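Go by the hints and put chain B onto chain A.
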Amino acid sequence: MNRDLPLARAGCAFFLALAACQDPTKPDVAAHPPDPIEVPQVEDCAASQEWLPVTPPLGTPTYVRPAPHPETECPFYRGAWQTFLVATQPDTRPDFIGEPALKSYAVLDDVFQRYTPVDNLLAPSGTPRGTPDRAWLGDVKQAGGREILLDQNGHTLYYGIHVNQAFVDFIRENRLETAKAIQDASPTLFLPGGLAEFKSAWQEVDGITDPNDPELADYIWTQAWVPTLEQAGDGTIEENRNRPRQITVRLLAIHAVFTIPGHPEFVWGSLEHTDVDASKGETDTKAADGHRNVAPVVAPDVTGHLQNPNADDPNNLNNSTIVADHGNFLVYKPGVPANQGDQSLAEKDLVLDGDSQTFRVKATGAIAQTSIYRMFPASKSNTVDPDDAISSLNHNVEQLFLRAQQAGHLDANDKRMHYRLVGAQWMDKPAFFTLDSTLQNDRVNPLLLDPNKYDAMNQAGERIEVLAKNAAPDKTDADTVLADLRERGSDSPFSILAGEDRMSSTAMESFTQRPDSFFNCFSCHNTQAVTAKGVPVSKGDVAQIQLLKPKLLNVSHVFSQFVLEECGEDPANLVDNEDSPGAKRVQCP
Amino acid sequence: MDHRISILLLFPPLSAACIGELDNGAARGSPPEILPVAFGHAPDPGDGATPTLLDTPPIQVVTDLAAGVVKGADTMTPCDATGAQALFILETYCGSCHGSNLLVGQGAPAWNYVDVPARMLDATNRTDIEGVPFLVQANPKGSRIYQRIVLGNQKGAMPPVNNDPTLPVYPRPNVSDYSVLYEWIKSCL
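If you read the sequences in order, they're chains A and B. Heads up: the first sequence at position 120 corresponds to 120 in my numbering, and the numbers run straight through without jumps. Heads up: the second sequence at position 72 corresponds to 661 in my numbering, and the numbers run straight through without jumps.
Please keep in mind that the hints were generated in silico from the structure rather than gathered at the bench. Do not rely on the hints blindly, as some may be mistaken.
Stated by the list, open to error - Just the calculated beta-carbon pair ranges, DEER-fashion:
hint, chain 1, residue 1, chain 2, residue 2, range
1, B, L710, A, E230, 58 to 66 Å
2, B, P757, A, R486, 46 to 54 Å
3, B, L710, A, A217, 17 to 25 Å
4, A, D325, B, N742, 54 to 62 Å
Owing to the predicted nature of the structure, the values given are computational and were not obtained by experimental measurement. Backbone N, C-alpha and C define an ideal beta-carbon position, used for all residues, glycine too.
In isolation and in its complexed conformation, chain A is listed as follows:
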């Protein structure tokens, strides 16, 4: 939210070393925390000194429920940054030095029981996942449209889903380990505070293992077991997780998602890689700074200004402006215009080279590649200017890392400084986190249906003011609400959401950024029923095959993804859907 808040730069407390009682002749062999790092803070969203070099966990109750609008959104963004830092902390255990902590977090195989058990294929719990018998990355078809992103080398990206220990404990405590148990779970069972899940996007780096290689030096990277891709006769791409291959991958982007007390809907944070070199005085606080090298933001219009897609051309189909004519983007080819970007290739039009695991265009034989750009530069529906709190926090974290690096406090394997927060999303009015809900500022937004009703909810005064100011004989309150939502987006007092309401990861939701698609986190992660395509019913045909009934748990796709994998595609599991005559639903055995 952009608002004039007093700067919080003053008053930062620093740790003071207590040296008076030490014996100066005695060797100091005790473990000490590094000296404090003085960080100049700007704007209103501070980084925490204790985040480096070893980031403390964000488990409850160490994190409080931040206040909603009109207070600053900074604490939510801080939570996203901290959750990311914890998950990507370099491992210091002798056998796994430098590995990102995330690699040892539980994956679906670890927490759920499959019909065909894989326990004997897995690495020991708490160690980096993946073995020669079982991949830990995969899911090459993106959520939403099940489309495949192809980088400039003709490779797919590989995606990971991980959860923290609190999430594992929750699943076990509530006996949700099987697909049937998930389907049978109480619709009103909710996720308590302290849970975190991560979706990560990794790019194959052909044959490189030298950590000093420029292709790896500024990335979180690792050796990963990924599924072997296969192509069926009809062109369908399939992945075999039990015949993995080990490749070098680097982290392009990650969703760091967490619950806190009062927010069982999750706070959805997203980060992506930057090529900025802060040691040279460069800075990257927002996507439009030109350093996000995964994909560029949409090009400025003829007036030289960035623009969100407009109502006349919501999908940029008439925008033939070249997004970027140069630059080394990882999932965008320079020279591709906007109206040819963010589009996938049909599987039947691709040919997979099984040996190199690369794709070519069937018709031409050329390396197949998709070009992705960010449609909403600030990930917001109403503006191209990012939230000041994000820019401020990105700057402060950048400075924190820079100072820590200069002071020699950072592990040589610590590459976390090369990532930036894109944004986050959560519910500003979490009282509306209810069953079978779209969780959107849409036509069933309670504050649109009855804008005068919730006079004890936050921003009530602002709502009354807006309604009174715009009252006119030819205008309904609903007209006013819609106009205000269009103008102020998630900052509107009528918004049930907060944060970036048009946020997608260019590496993970590459093809669904459009306003008529899955344009923000809750458009896919809500409490409605989930279809056998893994999306909410609101985004598909209601008559589609239903995978999960409406549940509060449906905000996490950890559950739906597992059910989908286990029994979503077997026709033998289809039964009549008693809630939708004529339709079918999946019933896991």
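Frame of chain A, contents of chain B only:
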């Protein structure tokens, strides 16, 4: 003799509107069963004046996780903040019948200390189910308060669900509130 009855008889004006239908504690030890209202029909305090949890003192800038939370000169530890929030929820939704400002609260047995956690933690204070205290440290699902609140609109829920349109409609906590209460009992008592 059931002295609960005599207490109710002594204070009929206080009891009539607040007594909910009691259940047999079916949810004891089971996963939380809650039934939030459908989208578009979110809980409404109804009286136009009842504050919600959103009116609690705002907390803005976390400057030192170890030290807690800072806003201006005020510092709160996370559990202080969560506790304040939880008590605010209990007072808002339960206080009119079980608050310590009442001479005698409602219920069977009657009780009036929803704003006094120490008394709710005291296992000698009976609830409607023998052996299930109001609050059990680190065990939300074993706490009678939590069990009944998260029943939502189901039988035995608190605040009581009135299907009779002539009776008052009580504002109800929501899922967000449940998660605050859950964390408070689990980690902060």
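Taking the hints in turn, this is what the structure says about them:
Evaluation of the 58 to 66 Å hint for B/L710 and A/E230 yields a pass: the beta carbon distance comes to about 59 Å. Judged by the Cβ atoms, the range 46 to 54 Å given for B/P757 and A/R486 is violated: they are separated by roughly 39 Å. Against the hinted window of 17 to 25 Å, the Cβ-Cβ separation of B/L710 and A/A217 comes to about 55 Å, which falls outside the hint. Hint check: A/D325 to B/N742, Cβ distance near 59 Å, so the stated range 54 to 62 Å holds.
Violated hints for the displayed structure, listed by number in ascending order: 2 and 3.
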